[in-house]
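Assemble chains B, C, D, E and F onto chain A, guided by the hints.
Protein chains in written order, with the working numbering: chain A, 1 to 293; chain B, 1001 to 1293; chain C, 2001 to 2293; chain D, 3001 to 3293; chain E, 4001 to 4293; chain F, 5001 to 5293.
These are calculated hints, taken from the structure and not from any lab test.
Computed from a predicted model, the values in this text were never measured in an experiment.
All C-beta atoms, glycine included, are put in the ideal place defined by N, C-alpha and C.
Computed footprint of chain E on chain D, listed as stretches where at least three residues anywhere in the stretch have a Cβ under 8 angstroms from a Cβ of chain E:
1) 3111-3124
2) 3164-3177
Covered by chain B, according to a simulated footprint, are these stretches of chain C (three or more residues, beta-carbon under 8 angstroms):
3) 2107-2120
4) 2127-2136
5) 2156-2166
6) 2172-2183
There are 6 protein chains.
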Amino acid sequence: MSTSLTDSDAAAKAAVLVEALPYIQRWQDRIVVVKYGGNALAGAVADHDALASFASDIVLLRSVGIRPVVVHGGGPQIGALLGRLGIGTEFVRGLRVTDAETLDVVRMVLLGQVNPDLVAAINVHGPLAVGLSGADSRLLTTRTVDPDLGFVGEVSVVNPTVLEQLLAQRLVPVVATIGADPAGQAHNVNADTAAGAIAEALGAEKLIYLTDVEGLRRDVDDPASVLSTVTAGDLVSLLAGGAVTEGMVPKVEACLRAVRGGVGQAHILDGRVAHALLLEVFTDEGVGTMITA
Amino acid sequence: MSTSLTDSDAAAKAAVLVEALPYIQRWQDRIVVVKYGGNALAGAVADHDALASFASDIVLLRSVGIRPVVVHGGGPQIGALLGRLGIGTEFVRGLRVTDAETLDVVRMVLLGQVNPDLVAAINVHGPLAVGLSGADSRLLTTRTVDPDLGFVGEVSVVNPTVLEQLLAQRLVPVVATIGADPAGQAHNVNADTAAGAIAEALGAEKLIYLTDVEGLRRDVDDPASVLSTVTAGDLVSLLAGGAVTEGMVPKVEACLRAVRGGVGQAHILDGRVAHALLLEVFTDEGVGTMITA
Amino acid sequence: MSTSLTDSDAAAKAAVLVEALPYIQRWQDRIVVVKYGGNALAGAVADHDALASFASDIVLLRSVGIRPVVVHGGGPQIGALLGRLGIGTEFVRGLRVTDAETLDVVRMVLLGQVNPDLVAAINVHGPLAVGLSGADSRLLTTRTVDPDLGFVGEVSVVNPTVLEQLLAQRLVPVVATIGADPAGQAHNVNADTAAGAIAEALGAEKLIYLTDVEGLRRDVDDPASVLSTVTAGDLVSLLAGGAVTEGMVPKVEACLRAVRGGVGQAHILDGRVAHALLLEVFTDEGVGTMITA
Amino acid sequence: MSTSLTDSDAAAKAAVLVEALPYIQRWQDRIVVVKYGGNALAGAVADHDALASFASDIVLLRSVGIRPVVVHGGGPQIGALLGRLGIGTEFVRGLRVTDAETLDVVRMVLLGQVNPDLVAAINVHGPLAVGLSGADSRLLTTRTVDPDLGFVGEVSVVNPTVLEQLLAQRLVPVVATIGADPAGQAHNVNADTAAGAIAEALGAEKLIYLTDVEGLRRDVDDPASVLSTVTAGDLVSLLAGGAVTEGMVPKVEACLRAVRGGVGQAHILDGRVAHALLLEVFTDEGVGTMITA
Amino acid sequence: MSTSLTDSDAAAKAAVLVEALPYIQRWQDRIVVVKYGGNALAGAVADHDALASFASDIVLLRSVGIRPVVVHGGGPQIGALLGRLGIGTEFVRGLRVTDAETLDVVRMVLLGQVNPDLVAAINVHGPLAVGLSGADSRLLTTRTVDPDLGFVGEVSVVNPTVLEQLLAQRLVPVVATIGADPAGQAHNVNADTAAGAIAEALGAEKLIYLTDVEGLRRDVDDPASVLSTVTAGDLVSLLAGGAVTEGMVPKVEACLRAVRGGVGQAHILDGRVAHALLLEVFTDEGVGTMITA
Amino acid sequence: MSTSLTDSDAAAKAAVLVEALPYIQRWQDRIVVVKYGGNALAGAVADHDALASFASDIVLLRSVGIRPVVVHGGGPQIGALLGRLGIGTEFVRGLRVTDAETLDVVRMVLLGQVNPDLVAAINVHGPLAVGLSGADSRLLTTRTVDPDLGFVGEVSVVNPTVLEQLLAQRLVPVVATIGADPAGQAHNVNADTAAGAIAEALGAEKLIYLTDVEGLRRDVDDPASVLSTVTAGDLVSLLAGGAVTEGMVPKVEACLRAVRGGVGQAHILDGRVAHALLLEVFTDEGVGTMITA
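Just chain A, with the same shape it has in the complex (with noise of 0.2 angstroms):
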């Protein structure tokens, strides 16, 4: 705080700070799950710079009251690595198949490489982030999606407690989304999805979806037909129509479900942007698309 401010500079911060805060009273206390992950995830992480980003935003969500869940997969990542171990690999409607050797792999990373990889980025600015899997204190329960699929699981049950002590203490959870079955036996579970019956059992005030997209077209080859906001309705029609492609059906459809289950509002935000979070969350215009009920 040592030299002074031009007074342009100064009424520029000062504009951009009395913007802020109707934002900023208005999320107080308030739960936001975000996603991350997929490609973004895999970019970030290749990049220092971009993990670094994100995770100074979700503290930065912290600091200003908001309490903030971090949800992440790590597709690519499990790629690599089942490569390298020279496991194949097969895909079933956009499922992988897991057997026992896959699943393994699937939770060295997930555990033992991506979480703490954003744990860590997150603990540079404090004692403040700790790692999850939806196998701590049976977070998620899960069962057998179909069984030519392996261990493939998807949420029966959300027991967020522990998640919701750790919010009461200011703490910042970051779930893997590896779950288990109630007799022990863990699974591979879509991040999407997850994320949304996470949202919705925390009864979150936003979920969302830092993805490498702008966001939903309305026309799919059109890249001027963005959505700024989009209704439960609409969005439905949107499906329908086949105006979403493959990747974001979990995504949309885990928005549509969690908004309908008491969610505010779900975004679909370009990860790609610096600081998409905080614009999104502490401006008037937003980047991406807003979902509402």
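Below, chains B, C, D, E and F without anything else, positioned relative to chain A:
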């Protein structure tokens, strides 16, 4: 959050938000005592927008977890009512000689005009501010300064309990500096000095004087010599050397006492700069002069 | 506790203490809203002993576990300052037409004169009372009664939170009935009506009006017809039959609304009887009129 | 509260209430240990009204926020049952030689007769009193005084936890002074001494002995020499000078120990005066003798 | 923990500990009401080891997080003292006709002999047990059963507050079943029935009767027909068919009422088996008869 | 609880339960840190029953009010994956030289394989265990041991807050000993040493090493010289005398530091004995060696 940001706007906004992060985190839950008044207040009350802007800054501080306390005087307004009632007034060593009739006017102006105007301006944003006099639950116990000055008091004991209770409820106390001696006799108290005593009793992190000057100057005649920071030790030399103008003396002395009594930092800010409070608290550069122990 | 009692003195004292027992037990922790004012207050302020006696009674109520709330107006004092400032005033249907200049005077008198006098009188006994305006943390939200009356408001919403917090700390709130509309515009509010609304919002056990009459009369012209108790139903008949004099109408209507809204008992007491409050609350016989649902 | 008071009655009643005010405020939440017993108790149990009057006084103390603890013995009642069972008894230095058979009788009388009678008398006013023996949760751990005396114990450790828990719930503990040694062997304990030890362990404000004498006399033979107050130092002289009669010695010694151990005041009251407790606690003059450090 | 175990001892010990695991987990924090008494008690008091063994079992239950409440009568001991005092006694329908003199004896025996013996036996292990009568803080409010029976009462209201407070402090209440009617008159209450009413009022998990029989028999004359479990429905048939012997009727009826009133399980155990309580609560097999809804 | 016990079975079972009583009472609410691992773990993971038995013992400790913390390493498992990936490894003074590639493997094995296996085994019994890395909320802050060893760290600060929070919720933390330096760089930490540091920081009552030896020997070559207890002082002599084999040195040193730092007792147990944990904690004899200050 409807229309989208241009990339450069986004980057600029994000930069301000990111700069504010460490400060928001740092001042979380800390108490900041803001002395608003004298001429700044006179201008602000005349100018509704300035008052509203001040109020909005106080609400912003509170929104991000800071606990502001507003302390005010009202010299010009007292002078106006005395004039209107045809009551003469006299100053001795900068203090208004206060007979019983004058004291009645002081109480009516501070408690019945300035204080409720400040409370109203803040409460446009919600049920946030509560007006207090120094006599409420014996917040400020006073003793007579000098029999020749009449009912002018200086603070002998601060009982901050009611302030602490209101702050614990995240309310914003707005204090008019009327005190009372142990027998219940009201006293007119210098607001600059009272603000310092309150800051010390609360263990405040910051004590901020909003004034109508740019800051303290090393050379009283050189506008380019405004100090951005000064230690208590240096300030004693400046006072001894006559570099502090008359009206600033009680503020500077209160700052000295406060930082020596445990207040983290004291500030002389230029209240004429829009949102000076926000810029001081949330940006790397400052406005005005910061005094540290 | 030094010299000893004669036996008959002892027996008499013991009898009073024993009589008070069931009432002390019964009113423990209950809220009692006391409207002090109009002419009673004018007399008391002129007569320092009467004010001190009232304050001491309030402190006694509090000492034995009752939670008193004092509500006051200040009509005569307002009239005096208006006269001194040469401002004319007009009444329509018993309400003072309040232009901006008059409102300034009303605020100065209530908040800057009557309220601090009451607070000071109570705080002689300790750090007990806290003065409040109806604008503090939006205690009394008002709406315009009639554009022709200017800034005269009626209570639309009571937000008793700040009162409850102070009561929880065993402090004594002293409320001046200035309200504010949602935009922050101050309003002059009838204190009798406001006292009733506050009693109802707090779920008070008793609402007590300290007046300068002996109580309600069954026959307005017969001093011997003072009623010691009356039900809400009977009171409606008395009102319809014209047995309530003009100045008592807002009190009586507020009593009716209060007992119908859950307040246990409403009282019209003769404030000219020394310690009328204590005698009402702690003895088998009463002073004045008690209204029950 | 139906019929009205005459003016002079009103003034007299108000005067008593006003006199009681500072005491009620002063003793709020303080613990007062009342030793009831010996001959006073014998009379009271015989005379149901005296017992009811004592119980009502205890309830009044509690009603106004005081925390009374009742401690009792029961010598005359023990003597009666021993006689009825044809068991002889012998006293050595004022203490009853207590063999196993006698101890059984002591326990039956204190725990099965005197204690429940006191509890019942208080509980006519509500679910207020809880009877305890000194063996309950090891309230009074004892050691043998002298093998020749049999099962007569003196208090070695007081564990006031259960008393504190009941007091925190605003219940009234009624303690029979049967103790137990660490091995669980019951002991007959002098109730005067035990009351003092309990008062000290609780940090009581007052320790009151209700007796059948007017108070301590400066000259044991001169009824006009009753002392209204005496310091610990003077009391030592009186004891040394033989001015304390035999039965009063344990009381006086317990008073001395208690005021030296932090109890504010100890009192020897004349339990034959109706409502002596109330008059002592709530009036300016006293009944009996007050001992201070 | 000094000398080492043989392998087979170790395995056997580990097996018992492992078997107890699910029960310890299951009964954690649950309330278990144990009726101890009648003849079992008479035997135990005569036989110090049996009483100590019972006390140690209660302490064990408490040690592992169970909240035991002990309820007792004392018929044989009452008979003994009546005999010693030469007071005749008469039974009508299994209930002792209780005149004032008999009531005095009942109180002395239960409160002054049996209750403190039980408290002492438990408190050998620490400051754990607190003796209570049903009159303490109006735990058991009673009404007269039949004027011809004198002061025999049946429970009309249970006020379990004091029990809940003691249990919250992990203390062990030991209740003698003397009750009092609203006027404070003591009543002799059947302990079996009172135990059931207390269990129901506390929402106990288990109600256990320690008796001197092996359990309920399907055929009253066939020792081999002891039932290990029975439902409430079947029990009604057994009662109707005369398969329950006279002394067991109040126990069985209390069990029925309790399980229908929400108590999880009621048990008739053979108190003559060492540590029957522990074996019932912590092992897969049982001792005696379990009644479920 | 259906079929009945034979009398001798009952007596034997009761005896074990009664023996366990004082220990259950004594360890209530105490923290016990259990280091599980090295070869014991390797065996257990290979042998599902051994892992399940260990998990069940941990759950039993928790069931009776003990607060267990599990700390683990995973040397053999790390070696296996390194081998599978064809990465060579080297040990210097018993510590694995850890380059970046090796560190990735260490993290994947400990966080992605061993830790979730332990969590899963415990969570078969309920939502009880939560897996943690030393980087979570900066549980273990580390510094580099020796640049030549690469990313091998030693604990410089333990921040036990997150453990305390989980223990307060009666959850079971399972800690993998990956730490991080202040810059967020992950470090491989010796699990024996980390377990000791955690026990000390938590003020644990016991620190237990489950190993594959019978205990410490006075004479390293004499199997009959296993010590059942040893003081810190004697242990220093044994270390100096070379009586501690190489792999045991870090355990023994950690035990010494822990008991000197306030941990009540440290234990070297033979994890190959079924339920060694239970036998150690709940029986009079021990298994293995106990070290006390």
